[in-house]
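Asks: Each chain, letter by letter, is given below.
Protein chains: 2
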Amino acid sequence: MSDKRVYVFGGGSAEGNAGMRDVLGGKGANLAEMTNLGIPVPAGFTISADVCIAFARGSQQYPDGLEAEVYSALAHVEDVMGRKLGDPANPLLLSVRSGARVSMPGMMDTVLNLGLNDSTIKGLIKMSSDERFAYDCYRRLVQMYSDVVLGVSHDRFELFLRHARSEAGVSRDIDLPAETLRGIVDRFKAIVLEETGKPFPDDPREQIWGAIGAVFSSWDVQRAVEYRRIHSIPDDWGTAINVMAMVFGNLGENSATGVAFTRNPSDGSKAPFGEYLPNAQGEDLVAGIRTPFPMSLAEKKSDDQTSLQERMPVQYQELIAFFGRLEEHYRDVQDVEFTIQEGNLWILQTRSAKRTAQAAVRIAVDMTREGFLDKREAVLRVDPDSIDQILHKQVDSETGRQSLARGLNASPGGAVGEVVFTAQDAVRRARDKVPVILVRSETSADDVAGMRASLGILTSTGGITSHAAVVARGWGKPCVVGCSAIHVDYEKEEFTVGAEVVRKGDTITIDGHTGGVTRGALPLIDPPITAYFRELMGWADSFRKLKIRTNADTPEDAERAIQFGAEGIGLCRTEHMFFASDRLPIMREMILARPEDHALRDEALDKLLPFQREDFAGIFRAMADRPVTIRLLDAPLHEFLPRDAERMADLAERMKIPVETVQKRVARLKEMNPMLGHRGCRVGITNSGIYRMQVRAIVEAACDLIGEGARVTPEIMIPLVGTVEELQILRELCQDVQRTVVGERGVEVEVRIGTMIEVPRAALTADRIAEVADFFSFGTNDLTQLTYGYSRDDMWSFVRVYQRQGILPRDPFATLDIAGVGQLVRMAVEKGRSTRPDLKMGICGEHGGDPASVLFCHSIGLDYVSCSPYRVPVARLAAAHAALSEEAVGAAV
Amino acid sequence: MSDKRVYVFGGGSAEGNAGMRDVLGGKGANLAEMTNLGIPVPAGFTISADVCIAFARGSQQYPDGLEAEVYSALAHVEDVMGRKLGDPANPLLLSVRSGARVSMPGMMDTVLNLGLNDSTIKGLIKMSSDERFAYDCYRRLVQMYSDVVLGVSHDRFELFLRHARSEAGVSRDIDLPAETLRGIVDRFKAIVLEETGKPFPDDPREQIWGAIGAVFSSWDVQRAVEYRRIHSIPDDWGTAINVMAMVFGNLGENSATGVAFTRNPSDGSKAPFGEYLPNAQGEDLVAGIRTPFPMSLAEKKSDDQTSLQERMPVQYQELIAFFGRLEEHYRDVQDVEFTIQEGNLWILQTRSAKRTAQAAVRIAVDMTREGFLDKREAVLRVDPDSIDQILHKQVDSETGRQSLARGLNASPGGAVGEVVFTAQDAVRRARDKVPVILVRSETSADDVAGMRASLGILTSTGGITSHAAVVARGWGKPCVVGCSAIHVDYEKEEFTVGAEVVRKGDTITIDGHTGGVTRGALPLIDPPITAYFRELMGWADSFRKLKIRTNADTPEDAERAIQFGAEGIGLCRTEHMFFASDRLPIMREMILARPEDHALRDEALDKLLPFQREDFAGIFRAMADRPVTIRLLDAPLHEFLPRDAERMADLAERMKIPVETVQKRVARLKEMNPMLGHRGCRVGITNSGIYRMQVRAIVEAACDLIGEGARVTPEIMIPLVGTVEELQILRELCQDVQRTVVGERGVEVEVRIGTMIEVPRAALTADRIAEVADFFSFGTNDLTQLTYGYSRDDMWSFVRVYQRQGILPRDPFATLDIAGVGQLVRMAVEKGRSTRPDLKMGICGEHGGDPASVLFCHSIGLDYVSCSPYRVPVARLAAAHAALSEEAVGAAV
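Chains as they are written, first to last, in our numbering: chain A, 94 to 986; chain B, 94 to 986.
The following block holds chain A by itself, in its conformation from the complex (with noise of 0.2 Å):
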């Protein structure tokens, strides 16, 4: 670290660059960057980030020598602008700002207008032959500065400035005479000395000082700690700051202040989009008290509006130039600040700007082929987590409407619909067309074929991967979990936000990237898939590694899916395919046989084999020759039985059995704790017909498919196993029934035979699992619960108060938790391998389409990540920046 902590900047050279960003702050990098580009940008200096930590660290020193640095940088300010500060004559005035190296907006200290008092407010109004401007701006100085460095509660200056407005009978402070704000500004220096018992400081330099004392102490105010705290930022990085001279845009009609984009943000077409305002000053512009005009001819909408292209030619060709430099130097598309001086073109800020995920792969394709970027570069410029928006559904984000509630959004895109509260109306309305949102307190299996008929689903429990949440990703259709404010009363048939009703039957519209829940139809917006996209997103699978598969459990999921660029089945459930309603009635007959009762059992499975083999050879279908995981029987037994009284009995009427039969086995499977009980493979082990079956199912549906001349490779995964002896039991049951139906069929067929590793003991005995296991699955999900001992239903009533309070920063249901679930991921690769170098590797859980997890995939050498079909654009952009970011690496060493 070098020992220099003052940087200046202005007068067509600066002493820092863009580089220097952990140093200066990214404010303050840029503004140098710009000075030795030629830029016009009002001279300043910036101190540095490590004299904030001394600073706030250090009971409030400074380091020795710093004064110095200061007053030398001050001295080379003047000598730019030509003005000193605290002249009478001709006073240079100054802005403190916080920079830090990442945006903080709004969570740290700003003071403007320093170097004011009453001697050189002469000199300003004589600059600005505008009286009532220079007090106002001396007002905004002691009251800013009072509240920010002297700690004076706003209050009292609110209630003067009230009592003012009504004397003069005004109702805006800008309508304040001259003579009235002169008034102001004794009277709040009086508050002053009467709260802090001293004087407002008078002295220009005193006033720097504090200023800059403030800001760097504002690192540590409550609110920007927490920041910090939510959004991962190092406590220790602290903030620089910048001194920098005012420029004023309201010193008449040749003056303005504007912000604008060098290209669209919201389509990214290229064209330079925004707005100003004339006479007038930035913080105008953000109050929103006067409609600003837009920037160039091209954008005005109406007559009554003058473009900055119109009203000041001379300014806006400067400034499009300067946006072009600003581009072709940054790379990227700039978000800048400015200020027309009488007629003098300042710029305040530039950085790179936010936009959509449309304009990001648009500017990112454009900026490839205009060869200002490379492949590489474009494709790490378009974020994938952003990606999702691309593919679903919108509420318009320009309705201001307020909403009901808020929960999490838990699947993208918008939906309209009627309420409804059950499975059976959602199916009901659905078939007479009319669009559905299923409320519910939360969804079970019984309820999917009521969340497929919604457009929608919404539920006042459960986390980002509740049973809805999982569901409706999977179908990328909108959903809004976990929405704690609403009560959902099924007597009722409605659901209560405080004093708020809203019935069956009435609409509403719920945002799945907001969270959001309003009353009513809001519009929906059609995301637009472009030639863009589709070029952006062959550029990144050119330089991906893992391949990408997706979690599909029919033949349409498999087809859309493939659309969006899947190379294979990672996990296709088959829990499902016992709940359509031609099936269910089977199953349960199945389940409410008597143990003993083999006949009836194998009665039973015979009749559901036809229809798991046409499960099967559809989807073999639809994938061609991709290779295809199916993970057999997951569920606990009882999902499939019905829980209440009324349902039960009518179930034994149906089945003509007594209810109580019905009602024991109910008993009978009840469980505790469902998700550590009886599931996955325990039941393929205690109840090995089902599983046979459905091998039978598969390898039946192989034969048929190959006979009709495909290839196909059926993978079968064996779920939860915990030990090497239930992987090899069941291993051996797969091939038994393999052996035999190739015996049948006289086709031969060859089947891999893998397991999901999700039980944290799965993962710890890799090594003895893995020689008996052709692949490995990672089961995130589950590995996730057990690893941290969350249930995803129950910990809503927790988490909350979790994130709130840092213990859990990400939803490691999202995001995978690498400190704990994926030392246990990477653990298994490497006890996996070490048995069987062959071994394949893949992800299935959640994780699969979420870009950090798919980082850590990559990163441990997984072979695959697989994901809902809605997220297999994500995953293929997030495994391109895996690759070019390890490539990186690679060339930095």
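Each hint should be verified, as a subset may be incorrect.
It does not matter which identical chain is used: a pair holds within one copy or between any two.
Here are the simulated lysine to aspartate or glutamate pairs, EDC-like style, with alpha carbons at most 20 Å apart [what the hints assert, rightly or not]:
#1 LYS763 - ASP582
#2 LYS763 - GLU535
#3 LYS597 - GLU732
#4 LYS763 - GLU732
#5 LYS757 - GLU587
#6 LYS757 - ASP582
What the hints contain is simulated information worked out from the structure, not anything from laboratory work. The structure displayed is predicted, hence computed values, not measured ones.
Take the given structure of chain A and dock chain B to it, following the hints.
Replies: Frame of chain A, contents of chain B only:
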């Protein structure tokens, strides 16, 4: 491995010895050893176990040269015994018996009387002067050989025998005349010819080889394979075969046969103990058709009996002398089989005697005093697991009563009482001093008062670490769980076992040692705790390195544990403290308060504080200056609320709030998987008032005690920590309360703050967690649940199948799963010490009282184990074993 495969013994010397158990099997090694000691053993030879493996694995082929070795050994036997195989005048008869490295009783085959045919029978008749005896031997040979070697089913032989008995007008084989027996032999041979198409082998050599082949093959019969799987005996050990000259105890009044122990195996007293039958064969003793007589005068109970000491004083003295030599030689109590043939004493087998725990203790201490053993050996001679028997009232194992059903032996000891089905009834009847047994399908925290009031607990579901089992063991109360044959009908107040109905008020006996449930009152016997026991435990304490703590929640438990030798409390649960009738209403008040009603919650906590303070003061007092680890509340809040409508209504009425409020709160707190839900430190973080109250109670109680002059260092344990942040936040909370109380009281209290490691993630991130923990306590119950993904409450539904199939050879909740759970524990120990070398570590799960798990805890360097009071002696002894076996390994290196 040497090339030698056949080892002869007899005539005063043997080629093998007792150290060759791996080669010769247990029986063969001891026969050789006895021969070398000069003890009269019929001559014979042992074929090594290696041949078994070669034969069984190599398609029934013997290794080259074996035949010659066998014949050479045979010649030696003929020489020593002075008879010849197949010699019609003086035939040698042989037995062929298996004999593996460890005893596998009844698992493999035996053939006796080999060498008989139509010509040698004459010699036997002559030698025995008993034609009936000789033909009965011949009949047995044909029947046994045909079954074992030729695979002819018993059925036709038995059918013909029945026919012959009815022809002869007798009911027992032994009463058949010689003539009939000769006819039977002929008929049997005819059956063999019909069934096998070949005549019965007359050639004695062919008979010998047939028997050898069959016994080797019996190593791989299903029942033997299963037995080995259950007892973890490697398949490749194989069995040795002992071929030995037959001797007969039924050749008249100067012949006899007997089985005796060199000391009393029931109480350990130093006197021979056994029984014999004059003029009889070993089989007769086993079959129990004739009542045997006692060995010694001292054992004689009536004048009808003649002891061996009286009947054959010379042979008795000879036998007693051999007993002395065997004990001295083997340095252990022996279980000896002998036969006296026409006045000549032969020893047929010796092995270490099985004994009760009481006997084991006394024998170990006595033998040490006698100079046979040193204290180390004495300690190692007593199986820690067996110690448990010594401490509980027991069902007299002598009663032959048939049990109704059998469940899992969850907590040892016997209990007799009236059946009740509800906790309320249990409390009510117990108040009237009626002994009761609480019978439930399963138990929960609601039942705790009723469980406490009962003498024993019986449940139809649940494993040995279910709620019922854990609670019962904690109190040393007999308990049988998972007794799935019984069906509990709460409505009818009865349980059924098949057609058998047991009603409320009926008396049953449960045997927590065997898992038996019997109708009526079986006699119970008192456990004798002797000076021997105390002496042995003192020796154990001098060797062990692990400290032994106890899990105790009350001063009474704590005192009992101290009597058993506990050195501190490793786990003081605080749940039950809130269930007492004077506290539960206050707890419920707090839980039912609206979340925002802080005043009401605080008021309830203020009311609970003095109770908690007294709880802790009582325990501190009982433990004097021993360490006490108190776990803050772990249970989810819903456990404190009623579940059924009636009790909810009751509660609402008593609390004067609408029943809907209770229902809503109960519904809101209900969880899908409570095990993975809102409990442990999660409650401490979301409802921090509870923990603040508990910590205040702990610190205030400590201050009170210190005021009384005691030394108290409370250890506060935070449950269910999964992230370092949780512990950090709660550590600060504890320290904050501590500071406040210290400020108020002016008494300095040192408080250690640590955590349970019971969530896999805690083990995985133990290095981070150790940075803010003073100690770790492994909660291996929950850690096992989460590592396997097993709910202790639900696994009964598949665990039997898992045990049968060898998936779970040991219950991982009883014995720590070293491969999986143990790996996490070891990892946590290493990671924890890596960042905090002085970290104190112990275990407080059920495993703390399991010897195999204690051994593991020792091996990874834990500081202590903690277990229920009744297991403390088990743990002390197991810890000594661990230290001594480590010493032994150390010495060997």
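Asks: Decide, hint by hint, whether the structure agrees.
Replies: Each hint, compared with the structure:
no., hint, in the structure
1, LYS763 - ASP582, "between (25 Å within a copy, 17 Å between copies)"
2, LYS763 - GLU535, "both (19 Å within a copy, 13 Å between copies)"
3, LYS597 - GLU732, "neither (27 Å within a copy, 35 Å between copies)"
4, LYS763 - GLU732, "both (9 Å within a copy, 18 Å between copies)"
5, LYS757 - GLU587, "between (33 Å within a copy, 16 Å between copies)"
6, LYS757 - ASP582, "between (29 Å within a copy, 11 Å between copies)"
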